[in-house]
Amino acid sequence: MPWWSRTSDGSGFMDGTRGSLRTNIHELAARNARAAALFTGGNVKEAVALFEDTLRGCLAMLGRDHLATLTVAGNLGAARVEAGRRREGIELIAENLADRSRLLGDDDPRTLTARDALAVAYRLAGDVDDAVELSAQVASQRRRALGPTHPETLTSRMGMARAHAAAGDLESASALLAAALRDAEQALPPRHPHQEALLECAESIGMTRRD
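Numbering (the working numbering), first residue to last: -18 to 192.
Check the hints yourself; a few may be wrong.
Said to hold, decoys possible - Derived CB-CB ranges, DEER-like:
1) GLN167 - ARG125: 27 to 37 Å
2) HIS7 - GLY149: 22 to 32 Å
3) ALA18 - HIS173: 22 to 32 Å
4) GLY149 - GLY22: 28 to 38 Å
5) ASP46 - GLU181: 33 to 43 Å
6) ASP46 - HIS173: 10 to 20 Å
7) ALA168 - ARG37: 22 to 32 Å
What the hints assert, rightly or not - Below, computed lysine to any residue pairings styled on SDA-like, alpha-carbon distance capped at 25 Å:
8) LYS26 - ALA11
9) LYS26 - ARG83
10) LYS26 - ASP108
11) LYS26 - LEU105
12) LYS26 - ARG45
13) LYS26 - ARG12
14) LYS26 - PRO90
15) LYS26 - LEU85
16) LYS26 - ALA64
17) LYS26 - ASP88
18) LYS26 - ARG15
19) LYS26 - GLY86
20) LYS26 - GLN118
21) LYS26 - LEU40
22) LYS26 - ASP89
23) LYS26 - ARG37
24) LYS26 - ALA14
25) LYS26 - GLU76
26) LYS26 - HIS7
27) LYS26 - GLU8
28) LYS26 - GLU72
29) LYS26 - GLY38
30) LYS26 - ASP87
31) LYS26 - LEU84
32) LYS26 - ALA41
I should point out that these hints are in silico values taken from the structure, not numbers from a laboratory. Ideal placement from N, C-alpha and C gives every residue a C-beta, glycine not left out.
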């Protein structure tokens, strides 16, 4: 569930900062990028440790409410979930979601990113009722804000289908995926990554086969 910012040049970490802090913030951004690279390379435990170290630096230097701190805290929560520390990850993502909603607004795309990550975390932890409810909420918010075929909306619609499948409701999961696939086929070029992801999801629940 990689949903972090991987930037290593400090962009996205600099808001509201100036002067000597910039050097240190560049280092924090570089650590964030290295942790993301470790994660995508399969070194999940090492990624968690580096995200934890980076978050400590952000909290000490920037405070809890800085955008960089929000980014790294969310990254750490997602990485903990992937590392099998699911309850810890869920608690941190839930705190991060509350902070983003308070500071950025409930419909801000960055808040919706955290809400989507929490829905995924619930599903992976077996909290299927919470996953179904939250995935439906974020899919609705993204559809309203971005439109039904925006890649982030399609991601949430797929997450909602996965949540229903995890809850044993394959009929609803298939219907949700079929609708998302129809929209994706009309709006996206053939073999677009999000269309491919929807097809893979459909195949995983036995709904369809690849040609």
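LYS26 paired with ARG83 [C-alpha distance capped at 25 Å] = 30 Å, violated
Could you grab the alpha-carbon distance between LYS26 and LEU85 and see if it respects the 25 Å cut-off?
-> 30 Å, violated
Satisfaction of the hinted span 10 to 20 Å by the C-beta atoms belonging to ASP46 and HIS173 | 37 Å, violated
Given the hint that LYS26 pairs with LEU40, does the C-alpha gap stay at or below 25 Å?
-> 21 Å, holds
Below or equal to 25 Å on CA atoms is what counts here, so check LYS26 against GLY86.
-> Outside the cut-off at roughly 32 Å; violated.
Agreement of LYS26 and ASP87 with the hint, judged by alpha carbon distance not exceeding 25 Å = 31 Å, violated
Has the given pair, LYS26 with LEU84, been kept, meaning a C-alpha gap of at most 25 Å?
-> Distance of about 30 Å is beyond 25 Å: violated.
Decide if the proposed pair is consistent with the structure: LYS26 and GLN118, CA atoms, cutoff 25 Å inclusive.
-> 31 Å, violated
Hint says 28 to 38 Å; check whether the CB-CB distance for GLY149 and GLY22 agrees.
-> The hinted range 28 to 38 Å holds for GLY149 and GLY22, with Cβ atoms some 34 Å apart.
Range agreement (Cβ of GLU181 with Cβ of ASP46, hint 33 to 43 Å) | 38 Å, holds
Holds or violated: LYS26 with HIS7, Cα cutoff 25 Å?
-> 23 Å, holds
Taking 22 to 32 Å as the hint, is the beta-carbon distance of ALA18 and HIS173 inside that range?
-> 25 Å Cβ-Cβ, so the 22 to 32 Å window holds.
Violated hints, listed in ascending order, are 1, 2, 6, 7, 9, 14, 15, 17, 19, 20, 22, 30, 31; each of the other numbered hints is respected by the structure.
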